[in-house]
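Residue numbers (the numbering used here), protein chains in the order written: chain W, 1 to 198; chain C, 1 to 987; chain Y, 1 to 95; chain S, 1 to 417.
It is worth saying that the hints were derived from the structure and are not from the lab.
Treat each hint with caution, since some may be false.
[To be verified] In silico SDA-like cross-links for lysine to any residue, where the CA-CA straight-line distance does not exceed 20 Å: (1) S/K230 - C/G74; (2) C/K522 - S/K267; (3) S/K29 - S/E205; (4) C/K136 - S/L416; (5) C/K381 - C/V110; (6) C/K721 - S/L416.
Small disclaimer: the values here were computed from a predicted structure and weren't measured.
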Amino acid sequence: MADLFAHLPASKAPAPGRHGAPIDPPGVTIATQDVAVVTVIARPGRAEAAIAGLAARFGAAPRDAAVLTRTETVDFVGIAPGRWTALAAEPSATLVAALEDALGETGYVVDQSGGQVVLALDGPAVPDLLTKLVAIDLDPVAAPLDAAPTTVLAHVGATLLPGGTASAWRLIVGRSYLAAALRLLVASAAERGCELRV
Amino acid sequence: MSRLARGGLIDRARPFAFTFDGRPYQGFQGDTLASALLASDVRLVGRSFKYHRPRGIVGCGTEEPNALVELRTGARREPNAKATTVELFDGLDARSQNAWPSLAFDAMAVNGLLSPFFGAAFYYKTFMWPKAAWEKLYEPMIRRAAGLGRTAEAPDPDAYDKAHAFCDLLVIGSGPSGLTAALTAARSGARVILAEEDFRFGGRLLSERTAIDGAAPLAFVDRVLAELASLPNVRLMSRTSLFGVYDGGTYGALERLADHLPVPAPFQPRQRLWKIVAKRAVLAAGALDRPIVFGGNDRPGVMLAQAVETFVARHAVAPAKTMAVFANNDAAWTTAFAAHDAGQNVAALIDTRRDVAPGLLAGAKARGLRTLLGGEVIATKGKTLTSIEVAVGGKVERIAVDGLAMSGGFSPAVHLTCHHGGRPVWNDALAAFVPGNCPPGLTVAGAAAGAYALSACLETGAAEGAKAAADLGFAVPAVDVPKAEDAPTALAAFWYVEGSKGMAFVDFQNDVAAKDVKLAAKEGFTSVEHLKRYTTLGMATDQGKLANVPGLAILAKVTGRTIAETGTTLFRPPWSPVTLAAFAGHHRGQDFRPARITPTHALAEELGAVFVEAGPWLRASYFPKAGETDWRATVAREVAAVREGVGLIDVSTFGKIELCGPDVGLLLDRVYANTFSTLAVGKARYGVMCREDGMVMDDGTTARLGPDRWIMTTTTANAAKVHQHLEFCLQVLWPDLDVVTASVSERWAQISISGPKARDTLARVLDEDAVIAPEAFPYMGAVETSVLGGVTARLFRLSFAGELGWEIAVPADRGEALARALLAAGAEFGITPYGLEALAVMRIEKGHVSGPELNGQTTIADLGMGRMASTKKDWIGRVMAGRPGLVDPNRPGFVGFRPVDRSQRLSAGAHLLEQGAAAATANDRGWISSATWSPTLGHAIGLGFLAGGAARIGEVVRAWDGLRGTDVAVEVCAPAFYDPEGVRLRG
Amino acid sequence: MRIDCPYCGSRDAHEFAYLGDATLTRPDPAAPNAAEAFHDWVYLRDNPAGPHSELWYHASGCRRWVVVARDTLTHAVGPTRFACAAAEPREGDAR
Amino acid sequence: MRYSLLNVIVNGLTGNRFTGPAWRDAAPKPAYDVVIVGGGGHGLATAYYLAKEHGIRNVAVLEKGWIGSGNAGRNTTIFRSNYLLPGNQPFYEWSVKLWEGLEQELNYNVMASQRGIVNLIHSDAQRDAYVRRGNAMRLSGADAELLDREQVRAMMPFLDFDNARFPIKGGLMQARAGTARHDAVVWGYARGADALGVDIIQNCEVRGFTRDAAGRVTGVETTRGTIGAKKVALAVAGSSSRLAAKLDLRLPIESQVLQAFVSEAIKPLVPGVVTFGAGHFYISQSDKGGLVFGGDLDGYNSYAQRGNLPVIEDVCEGGMAVMPLIGRLKLLRQWGGLCDMSMDGSPIIDVGPLPGLYLNTGWSYGGFKATPASGWCFAHTIARDEAHPLSAAMRLDRFATGYVIDEKGVGAQPNLH
Ligand SMILES: Cc1cc2nc3c(=O)[nH]c(=O)nc-3n(C[C@H](O)[C@H](O)[C@H](O)COP(=O)(O)OP(=O)(O)OC[C@H]3O[C@@H](n4cnc5c(N)ncnc54)[C@H](O)[C@@H]3O)c2cc1C
Ligand SMILES: NC(=O)c1ccc[n+]([C@@H]2O[C@H](COP(=O)([O-])OP(=O)(O)OC[C@H]3O[C@@H](n4cnc5c(N)ncnc54)[C@H](O)[C@@H]3O)[C@@H](O)[C@H]2O)c1
Ligand SMILES: Cc1cc2nc3c(=O)[nH]c(=O)nc-3n(C[C@H](O)[C@H](O)[C@H](O)COP(=O)(O)O)c2cc1C
Ligand SMILES: [Zn+2]
């Protein structure tokens with residue numbers, strides 16, 4: 001069986017629905033999530049103060065590491081020292097305002113909503129799928145349970161974050177790469193069956 | 001049929017039909033193609049590289065030099081498959097290769113007759129006359145004769161996959177040493193991967209009889225595997241070759257998922273490339289039996305003793321009706337006994353040694369085997385072997401056999417230990433190279449380390465496994481190494497039967513004979529590496545696994561050195577050949593590289609755009625309409641629409657970097673040649689940034705949105721590079737600057753709308769149209785506002801096309817909606833979507849520089865923008881831009897061109913010559929970087945670089961395009977052809 | 001090759017962009033010998049065979065410039081650190 | 001002894017009675033007129049032309065290992081003169097001219113084969129850049145041809161014309177470009193130089209230099225003793241900085257690893273050389289039948305003479321993108337070389353920078369093709385103490401003066417050249 005999309009024009013994402021082996025339930029399901037995505041950046045040397053401000057506002061202190069910190073309303077993913085991606089189900093303007101308020105002069109907020117797409121991956125084959133795409137040891141014995149690496153999946157830059165269970169992950173990719181990312185994910189998941197819900 | 005009646009690890013209940021050279025045969029599940037061919041009495045399997053000599057099966061694994069076949073057909077045709085590693089399946093279709101018209105009668109075998117002249121490297125000494133004949137005659141002939149199989153006929157239809165794995169301990173090989181290494185480490189809780197190239201775990205234990213803990217070795221294998229399989233911290237990988245040891249504990253492995261099937265199952269990849277990152281590795285790859293060099297040792301029917309043992313014991317095949325054994329070591333006696341006991345007829349046991357352990361002699365006697373001590377095989381006969389001549393005790397005797405098992409002793413499989421450049425070391429007692437300096441983290445156990453006795457394999461494996469786990473901090477439970485009897489392992493080095501008759505081969509596949517080694521030495525090629533390159537010894541598909549040691553032993557002898565002094569060539573990856581497609585994985589065809597899609601892609605498709613690759617992006621090139629005969633007509637229409645009405649283009653591909661902090665102005669002053677710190681909020685400015693060597697790196701506009709917030713645009717191509725550069729400035733050069741950056745390239749869909757009707761159109765999508773009132777929003781203004789009823793937007797008043805225009809940015813997911821709204825709003829003005837082609841035309845008309853001018857070879861001064869460069873501040877590139885070569889008045893400077901005869905065309909890539917000058921490098925005065933036909937002006941125009949630059953405006957030179965055969969007189973002019981004062985922009 | 005990014009952890013080297021010698025510092029552009037100093041800085045290298053301190057940019061990760069101790073003979077990667085330890089908080093900074 | 005068909009036949013019939021070493025295994029003399037450090041193609045060619053063209057025969061070539069053990073023995077054997085800049089193009093064109101007669105010149109079949117090179121074109125911008133280059137070639141007297149898609153297809157129907165991510169739109173061809181048997185070039189020059197009296201001294205590593213009170217370089221210290229020399233010429237490619245350091249010199253050079261790969265041998269498939277610039281891949285087929293291919297540098301400083309996995313993947317992705325029918329072929333061997341990457345990607349052939357010293361370096365990943373012209377011009381430079389007109393731009397001080405020869409326009413970042 002040739003690569004699923006070898007002849008589908010590069011601009012096209014795979015169609016929604018079932019792909020690959022007809023296994024039930026499919027090894028992987030992929031769905032988009034409609035969330036606001038905002039970059040939070042502490043000013044140089046002000047990370048601690050920024051964290052304190054965020055903690056005071058959101059009830060938990062985002063860790064200054066490549067991990068996911070959940071608060072009641074906002075998920076913070078460390079992407080660089082003093083820098084996080086904040087995800088929330090509320091409108092981005094609300095999130096931006098809350099973050100700006102929390103940071104005060106300790107940092108900046110840059111709205112990325114609409115430009116970053118969040119994909120939810122779930123299913124028994126997700127760990128194997130990630131093994132194919134990510135050159136990082138994500139095995140629970142080696143990586144913290146809240147590990148959220150920013151990395152590259154075979155030429156597509158992405159941030160990965162835990163999705164709650166061992167086989168659930170979320171993936172943030174730039175919108176211009178969405179079709180390419182879906183092609184790659186679905187092609188790699190095909191042997192275990194894949195359902196695309198986008 | 002030479003299938004033994006009993007035994008073997010084949011499933012006699014599962015017969016497989018297969019064909020070889022079109023003829024049908026049968027084997028069983030558990031066979032390799034080699035064992036199935038032997039079982040079917042097929043001895044002649046291939047032809048050699050140079051002399052096209054008939055060849056059979058020599059080995060039983062990846063060391064095989066002779067039995068290379070083509071598998072499958074058409075797009076799935078695979079050349080050079082080793083029959084000894086091809087797992088048999090029902091329907092397998094294999095063919096011999098490198099033979100014409102047939103395997104049995106190969107015309108090229110005449111080469112063999114010329115072998116006295118076709119010695120090592122003869123081709124360097126001849127084929128030189130007449131001069132032209134090399135390319136026309138000799139080389140094509142050589143090429144056709146050389147090569148082995150044929151590539152597939154069409155693109156590979158199978159899918160390939162890649163994957164990563166991480167572990168504490170990687171064990172390579174699953175013989176006794178690999179099994180105990182894996183088990184010991186696994187019991188400690190370490191994460192273990194056990195990789196085995198074969199389709200079955202067990203290594204030599206699959207064909208050996210020596211008892212372990214009093215039971216058959218297979219029972220031990222099953223027991224260990226069962227335990228390993230039960231442990232969650234263990235991954236067992238069969239059909240997986242570890243092919244290379246790379247840096248940082250990264251190991252390359254190839255897993256064959258579907259090569260034992262006619263075609264992969266639906267959606268199943270054929271093979272998977274693994275990159276395994278292991279903290280420790282134990283190499284337990286065993287040892288390879290090696291040939292003895294004697295006349296006629298390549299005759300089909302002559303095999304390695306280890307292979308004979310494998311075929312007999314594992315595959316239940318008698319490789320010959322009657323067999324002799326020729327060896328210098330004890331192991332071959334074990335082989336002979338095993339073969340005899342399994343039903344293989346063994347006519348004689350010839351050992352070069354005169355003293356052999358009494359136990360072995362007794363074993364032979366008990367079986368009634370004839371022994372010829374101190375004997376040497378000096379010749380063989382038959383197209384496939386029919387008899388051998390043995391010299392013993394001064395007499396020569398002919399023995400009729402159709403099989404000969406030879407063994408020159410063992411070569412530990414040290415290959416992977418050499419992948420970091422480490423050299424194995426010679427061990428006289430073993431007459432073998434054993435591992436030397438290993439890659440960090442890798443240790444060696446079992447026969448690969450020179451520990452041949454079974455008990456030593458079990459012990460060293462367990463010890464290395466335990467050591468690795470303990471090293472990593474795991475508590476290793478006490479190890480109970482199983483007990484094994486030990487077969488004798490003595491040997492006396494012996495390489496070459498001097499004076500034997502016929503060609504005595506060292507490298508079978510490449511037809512390198514003992515005489516070639518001698519000739520090379522005589523001609524001064526006495527370094528092993530020279531020997532290799534001069535004779536091609538060790539360069540075949542088996543990479544000298546069999547040939548290397550005998551070859552350099554002969555070299556050592558003729559040069560009067562020891563083998564240790566002679567040394568060995570370097571083993572490099574891969575250990576066994578790796579499919580090229582596996583390295584590519586999914587990245588082929590349309591998925592070679594990810595395509596980046598602009599926010600308005602679907603709309604552009606709807607509007608009939610033709611797309612073009614712009615780096616990773618797919619961008620609309622032009623939007624043809626019915627009735628337009630070629631793209632030029634389309635582009636002319638699009639340009640006219642912008643110049644006269646209004647047009648729109650998606651420019652989201654620009655890099656966009658948000659800069660925040662009090663020191664942004666300071667930073668920009670340093671990275672841009674011109675000044676930015678003075679830029680007012682609500683304004684944008686064009687900037688040029690240079691590399692430290694004074695060459696222009698990128699250009700673009702940067703706007704100040706607030707006191708501490710700026711947005712920079714970069715060219716599409718340099719987006720990542722500029723961001724990296726800014727971070728270098730901030731993190732390495734000037735960490736004291738209070739600035740942070742964020743890429744927002746993905747965030748903003750950016751649409752450029754230009755033309756006299758741009759304002760009228762834009763006003764209709766803005767929530768507050770007052771923001772673009774002429775007085776409120778001058779040229780180079782920037783403002784944050786909203787469109788389409790509350791969608792955040794940023795507006796910049798600028799236009800690359802050179803008309804009244806804005807760039808409007810909205811969140812990327814709203815880009816298409818914005819574009820649709822603009823199209824609707826501008827419908828009454830005839831709004832026209834345009835593509836990169838029209839944009840390129842308009843920027844050339846305006847004399848704006850772009851990729852072809854910003855090619856890394858031009859300075860700001862070259863580009864005619866020298867006045868922009870500040871002299872009041874330091875900026876990156878300032879110092880080096882002052883070098884004499886960069887201010888040389890003869891440097892080609894940026895100017896425009898138009899043909900003197902306005903009906904002529906101009907082509908980019910033409911060089912500039914003075915009128916009357918000959919077309920020669922010495923007269924080269926520059927080149928045309930961009931050219932187009934200007935629909936606005938009605939003639940061709942060009943931009944380029946001319947020695948002397950702007951000082952030559954008004955003169956006439958020639959645009960010489962020898963490649964296309966044109967030579968056009970051109971007038972040098974200022975680069976801006978259209979609206980040079982920028983009135984329209986500011987209107 | 002694997003590089004331990006101080007922030008991201010162990011990553012394959014292909015996630016990084018290479019720049020080279022990390023021991024060089026940008027000269028003072030105002031110094032009288034600036035032309036020569038810049039030439040040396042931009043163009044000349046020790047290019048040692050052995051231990052080398054070098055700059056890598058974690059392009060596919062945290063986008064930090066990392067100083068990596070690496071041996072050019074063996075490719076052994078040693079300790080890593082950020083090119084700039086984040087500047088200390090500027091207390092009293094009014095902005 | 002002259003090589004000829006007769007010679008081959010006679011030796012065939014007599015069991016190679018009338019054959020001897022291709023070059024003498026010379027022991028070092030106390031002093032020479034010229035000592036050339038580095039027994040690669042360039043060092044040996046320099047010695048040959050010094051003796052042949054300039055009559056300077058009291059010459060030694062010192063090689064730390066076996067001759068050809070450096071990049072001369074591990075390159076992808078392509079020669080061509082498809083350069084862009086006037087500082088380079090005429091020099092490489094002269095080299096191609098020398099290749100064209102090298103067998104007869106050396107009486108050694110180096111298998112120079114003008115199989116042609118095609119640089120594939122995938123975009124209009126790339127075509128414009130290649131046209132500029134092709135015209136620069138024509139100006140220097142070299143041949144160049146612009147091919148359209150159908151012409152490329154006719155030559156190489158196995159390329160992917162139907163489903164490529166970056167469709168093939170044409171090519172720039174140099175028909176006179178080709179490949180040569182790299183090791184034979186080394187042996188041919190060695191044999192030629194030896195016959196003219198040059199001492200080729202292997203297993204002789206230069207570890208230092210001797211200098212007189214005035215600072216002049218007067219000889220070399222080697223693992224086989226000190227050897228005096230009126231002139232010391234360095235042609236050590238990737239080891240240039242290491243030796244320069246012994247003279248307290250820093251060079252505009254980084255040593256970086258470039259890998260190459262060879263597949264198992266197959267019947268003839270690829271007619272000439274194809275480069276796929278958009279995908280970091282180039283390929284040709286050796287006379288033995290192996291596909292010899294490569295791509296980008298690994299991208300970091302290295303003296304390890306071996307590379308890593310990412311580049312193999314990158315190269316094979318490029319290969320599969322343009323030639324998907326090679327998918328089922330197998331990689332046989334991979335290796336790497338120490339490339340003397342200069343800061344503008346172009347070479348240095350110069351007198352100095354110390355008295356008595358001569359420099360030949362900076363060949364980056366492209367000096368095999370230069371071997372004849374480099375030897376030719378370096379010999380001239382050594383013999384006459386001045387640059388040969390063809391290599392006049394290849395000065396060491398060009399980085400200070402700004403007259404750089406930056407073909408790729410990437411500036412002082414060697415890993416990008
Ligand atoms: C993988 C690869 C592919 C390439 N492909 C091409 C190609 O297709 N076309 C092309 O034109 N070019 C190519 N090149 C570049 C080309 O091989 C080199 O530029 C060229 O060979 C360099 O010149 P050389 O032959 O003299 O160098 P080398 O052969 O490297 O010679 C230098 C010699 O100096 C010796 N030496 C070093 N230090 C000392 C010392 N202290 N004392 C004594 N001796 C010393 C070395 O052992 C070596 O033998 C490639 C390079 C590589 C690595
Ligand atoms: N009597 C003698 O003189 C003598 C000499 C040598 C070996 N032996 C016997 O051979 C056995 C050696 O045991 P061992 O455990 O050392 O080795 P082994 O030969 O039993 O097993 C080695 C295994 O490694 C696999 N392998 C090799 N390279 C590989 C690679 N790169 N990737 C994946 N798999 C790879 C092979 O397929 C094989 O299955 C013992 O039984 C020993 O007694 C005897
Ligand atoms: C043009 C060319 C063709 C080659 N062909 C083969 C080949 O057919 N078989 C082989 O084993 N090696 C081949 N090699 C690789 C050499 O074996 C060797 O790896 C290379 O010259 C580098 O030397 P090293 O590996 O000893 O460091 C080839 C090398 C070159 C440059
Ligand atoms: Zn990082």
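A quick look at each hint next to the structure:
1. S/K230 - C/G74: With a Cα-Cα distance of about 65 Å, the restraint between S/K230 and C/G74 is violated, given a limit of 20 Å.
2. C/K522 - S/K267: Given that 20 Å is the threshold and the Cα spacing comes to 32 Å, the pair is violated.
3. S/K29 - S/E205: With Cα atoms ~15 Å apart, S/K29 and S/E205 stay inside 20 Å; holds.
4. C/K136 - S/L416: With a Cα-Cα distance of about 38 Å, the restraint between C/K136 and S/L416 is violated, given a limit of 20 Å.
5. C/K381 - C/V110: Roughly 18 Å separates the two Cα atoms, so the pair holds.
6. C/K721 - S/L416: holds, 12 Å
Checked against the numbered hints listed earlier, the structure breaks hints 1, 2, 4; every other hint is satisfied.
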